[in-house]
Amino acid sequence: MNVKVLLLFILSVALCLPCAYGQVQDTAFGNNADLEKILDQQHPVKGSPGYYTSATFKATRIINGHSIENIGTGVLDFRIAHRFGQLNEGIKNLYGLDNAITKFSFDYGIADWLMIGVGRSSFEKEYDGYAKVKLMRQTVNGRHPLSISYLGSISARTMDVVNIPGFKYYLSNRLFYVNQLLIARKFNQHLSLQLMPTYIHYNLVASEAEPNDVFAIGAGGRLKLSKRIALTGEYYYTIPGHKLSGYSNSISLGADIETGGHVFQIFFTSSAGISERVFIGQTKGDVTKGDIHLGFNISRVFTIVRPKEFRDGKP
Amino acid sequence: MRQLAFLLYMIVFHTGFASGQKDIYQVTGGTIRFHSDAPLEMIKAASKNLIGAVHVSKRTFLFRISIASFQGFNSPRQKEHFNENYMESDLFPLAAYSGKIIEDVDFTKDGEYNIRAKGKLTIHGVERQRIIKCHIVCKDGTISVQSDFIVLLADHNIKIPRIVSDKLSPEINVSVNLVLVQKPSS
Chain A
1 MNVKVLLLFI LSVALCLPCA YGQVQDTAFG NNADLEKILD QQHPVKGSPG
51 YYTSATFKAT RIINGHSIEN IGTGVLDFRI AHRFGQLNEG IKNLYGLDNA
101 ITKFSFDYGI ADWLMIGVGR SSFEKEYDGY AKVKLMRQTV NGRHPLSISY
151 LGSISARTMD VVNIPGFKYY LSNRLFYVNQ LLIARKFNQH LSLQLMPTYI
201 HYNLVASEAE PNDVFAIGAG GRLKLSKRIA LTGEYYYTIP GHKLSGYSNS
251 ISLGADIETG GHVFQIFFTS SAGISERVFI GQTKGDVTKG DIHLGFNISR
301 VFTIVRPKEF RDGKP
Chain B
1001 MRQLAFLLYM IVFHTGFASG QKDIYQVTGG TIRFHSDAPL EMIKAASKNL
1051 IGAVHVSKRT FLFRISIASF QGFNSPRQKE HFNENYMESD LFPLAAYSGK
1101 IIEDVDFTKD GEYNIRAKGK LTIHGVERQR IIKCHIVCKD GTISVQSDFI
1151 VLLADHNIKI PRIVSDKLSP EINVSVNLVL VQKPSS
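In order, the protein sequences belong to chains A and B.
For the first sequence, position 137 (counting from the first letter as 1) is numbered 137 according to the working numbering, and the numbering increases by one without interruption.
Just remember that the working numbering sits 1000 ahead of the position in the second sequence, which is counted from 1.
Honestly, the hints are just simulated from the structure, not real lab data.
There may be inaccurate statements among the hints.
[To be verified] Capping the alpha-carbon separation at 20 angstroms, the derived lysine-lysine pairs in PhoX-like fashion look like this:
no. : chain 1 : residue 1 : chain 2 : residue 2
1   : B       : Lys1100   : A       : Lys37
2   : B       : Lys1183   : A       : Lys37
3   : B       : Lys1120   : B       : Lys1058
Small disclaimer: the values here were computed from a predicted structure and weren't measured.
All chains should be modelled from the sequences, with the hints used to inform the complete structure.
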């Protein structure tokens, strides 16, 4: 026999051996390589278009501002937010705990891509309403690397802040408009980051020299430490030349704590106001001087309309 | 040249032998349901996103299901918790059952059989050796499978926080219905 043919024969037998051995091994340990190959060729379960990344953030707010998350369809979220006074007020005011700005709000999920809300904040007795729309959703398979949402909000300050005798307060003088894009990416289980280009229109400003339009860019994120606790941070940078004078940038650091059904957010922030036009454009405090507020957001959700998917616990 | 042809023949022969196509039946439709019956809450969910194959002469099987595809639950938030906190479906997107059928049954013949499947059940990234009883109906080249079994959360390293201990059962009842047909030879 030709040596080459002999070698080839030995080689082919040698190639077969691990194959045959592998088959015996496979079935004994439930490692069905041949079946695995077939299933891998089938529609990859992970890559279906329906698989949007979930839980980029735990709550619909990062701290002060909105996150990419919407409330579920048919769910009403009753929220109570508190911002206490400044830490540097000392023991006399119990480090600011004697004073608090509060906001009550109701958020409702109309569809999985649309939520609306109304709220009332005690700072300058302001009412606000907003809509948050999902424009793009990050997918697990990476086809969409980002989630993008639009937030539009109108608020009305009902307190009279101008003390000029004879000043006629038209409704238009009380209104503010906020437009935000929320661009977020969940990088992994632990880290999610978000950018928030923001445009705010103030119908009435302090003087003619002040701009009515304020531009800001926000950045926020969360770092999940455990299944129940995440660290959060948020910063809004107002663009010089397009900002109101005498105000500083808003910075906040906090924690999300998940307690069974809901998320409790506790944090330190340089902003006392709770509506977008206040904390983004009109943050008064100077962090370096200790103008820091303790704050928290609590929410309670009520299922108003159970989506078809969730009815009777059957799809 | 002849040697090359021989080698090619060997490769084709051996690989062909390894996976006899006509012996393989594949899942064409199936549902996996589960429910947790706890004192304060009943949680139900189901998914049709099931794929699987059975090699009828080797009597081996493999089934997979996407965790994120389960629907049902009592609220959207509960579904999110299921994926995020309990199953960690980002890390462990699939549950799988892979192994061999103990009874020597000829699936190509019509009839009803009660069989035991032995293999490893992988949920939440944790493998467990399980023997699961199934009721099988073979008819006109299709195999219908029905099975009920229990999964212990502790077996798969899924912890129940004390705060929801009245709302989540440590024993999850799972029910599987699926139909397999012979894979068209390609």
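Report task. Could you tell me which of the hints above the structure violates, numbers in ascending order? Result -> none
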